[in-house]
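Trainee: Sequence:
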Amino acid sequence: MIRDTLLIIDDSELDLAILNEIFKGLFRVECVAESRRGLTYLHHNMERVCAVLLDICLERRGAGFTVLHQLQGNPDTASLPVILITTDANEKDVRASVERGAVDFLVKPVDPHTVQERVCSIVRATWPPKSTILDHKPEPETPKAPEPAPDLVQIFPQGLPLAAAQLLCRDCTDKLGTFYRLRPSLDMDAHRQLGGITTLLAQCYAEHFPEQEPTQEEAELMGLAATFCDIGLLGIPDHILEEGEDQDGPDAQLYYQHT
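In this text, residue positions in the sequence shown follow this note's numbering: the first is 1, and each later residue adds one.
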C-alpha cells in the first residue's frame, strides 16, 4: 500500500485549515483536533500515514510531548516521522523535541514553500523509494475538447411551446436583470416594455391579416424574442456603451456588432 496520508494533530481550527491548504496538493491530508482521535486514526491507518505534524500544546501546554512519547513507545509507530509545531519556539522545547524523537520542529506561522520542502524531504528520507505518494504523482489528464452547445432545434424539434417559452423568457430576464444592474446604461424594464409593445403590434397585424404569418402564437413569441434585442450590449466595455450610437471609428463598429 502506498503511504499517501499526512496526519495533522492540532487543536486550532485555523491552523488546521492553513496546513491543509498547504499540503492538500501533495498528500491526502487528515486533520484532527484531539490527540485521542489522532492516535485512533493511526491505529487503523498506520500503513497509509507517511508523517505526522503534531502541535506541542494541543489541549494544554506540552501535551504534544505526551503524544510523541506514546508514538515512540509503540513499535508500530516508532519509525513514523513526527514533526512538532508550535507558536512559541524556545530553546528548551526544541531540545526536548529532538531528545524525544521528533525529526523536525516548525514554528507557526509557517512559510508554505519552506514547510512543504522540509516535510517532503523528511518523507522521502524516511521511506523507501516508490513507497509514498510523492513518487506516484498521477498522470495529468488530457484536456477534453469542449462539447458543442446544444442546438435548440435538436432539443425542441417540434418548436418550443408558448407556455415553455414564456417560462424560459421570465427566468432569463430575471437573471439578466442582475447583470443589467451593474451596467447603468442598460435598463431591463425598458427591454420588457419593448417586448410587450412588439407583442401588441404583432398581434394586431395577425388579427387584421389572419391569412398571413405570423399567427397569434407566433406574435407572442416575437414579443418574447424582442426583449433580448440588445443583449449583445452586455459584451462591450462601459466607455463604448455610454457613447451610444453617436460615435465614430473602431468603437462605433464594435458597438454596432453587438446590437
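No lab work stands behind these hints, which were simulated from the structure alone.
Mixed in with the good hints there might be a few duds.
Simulated pairs of lysine-lysine, BS3-like, Cα-Cα distance not exceeding 27 Å [what the hints assert, rightly or not]:
hint, residue 1, residue 2
1, Lys108, Lys92
2, Lys108, Lys24
3, Lys130, Lys24
Simulated restraints, written as ranges between beta carbons of each label pair [as the list claims (entries may be wrong)]:
hint, residue 1, residue 2, range
4, Ala252, Ala164, 36 to 42 Å
5, Asn20, Ala252, 50 to 56 Å
6, His44, Thr114, 27 to 33 Å
7, Asp189, Asp246, 55 to 61 Å
8, Gln116, Thr87, 15 to 21 Å
9, His239, Arg37, 56 to 62 Å
10, Pro129, Asp88, 46 to 52 Å
11, Pro109, Ala163, 57 to 63 Å
12, Gly232, Asn45, 54 to 60 Å
13, Val98, Glu47, 22 to 28 Å
14, Pro250, Ser12, 54 to 60 Å
15, His239, Asp135, 50 to 56 Å
16, Leu201, Pro237, 31 to 37 Å
17, Asp171, Arg118, 52 to 58 Å
By construction, the Cβ of each residue, glycine as well, lies at the ideal position given by its N, Cα and C atoms.
Trainee: Run every hint past the structure and note whether it holds.
Mentor: Hints versus structure:
Of the supplied pair hints, the one linking Lys108 and Lys92 holds, its CA atoms being roughly 17 Å apart against a limit of 27 Å. Proposed proximity of Lys108 and Lys24 is supported: the alpha carbons are some 18 Å apart, at most 27 Å. The straight-line distance between the Cα atoms of Lys130 and Lys24 is roughly 20 Å, inside the 27 Å bound, and the hint therefore holds. In this structure the hint that Ala252 and Ala164 lie 36 to 42 Å apart at CB holds, the actual value being about 38 Å.
For Asn20 and Ala252, the hinted distance range of 50 to 56 Å is satisfied, since their beta carbons lie about 53 Å from each other. The hinted window of 27 to 33 Å between His44 and Thr114 holds, with their beta carbons roughly 32 Å apart. The hinted window of 55 to 61 Å between Asp189 and Asp246 is violated, with their beta carbons roughly 23 Å apart. Against the hinted window of 15 to 21 Å, the Cβ-Cβ separation of Gln116 and Thr87 comes to about 19 Å, which satisfies the hint.
Between His239 and Arg37 the CB atoms are about 58 Å apart, so this pair conforms to the stated range of 56 to 62 Å. The beta-carbon spacing between Pro129 and Asp88, approximately 37 Å, falls outside the hinted interval of 46 to 52 Å. Pro109 and Ala163 have their C-beta atoms about 59 Å apart, which keeps the hinted 57 to 63 Å range intact. A hinted range of 54 to 60 Å for the beta carbons of Gly232 and Asn45 is consistent with their spacing of about 56 Å.
The beta-carbon spacing between Val98 and Glu47, approximately 27 Å, falls within the hinted interval of 22 to 28 Å. Range check, Pro250 to Ser12: Cβ separation about 56 Å, and the 54 to 60 Å hint holds. Between His239 and Asp135 the beta carbons are some 54 Å apart, a value that agrees with the proposed interval 50 to 56 Å. At about 33 Å, the beta-carbon gap between Leu201 and Pro237 stays in the expected band of 31 to 37 Å.
Separation of Asp171 from Arg118 is about 53 Å and conforms to the stated range, judged on CB atoms against 52 to 58 Å.
Hint check: violations occur at hints 7 and 10; the rest are consistent with the structure.
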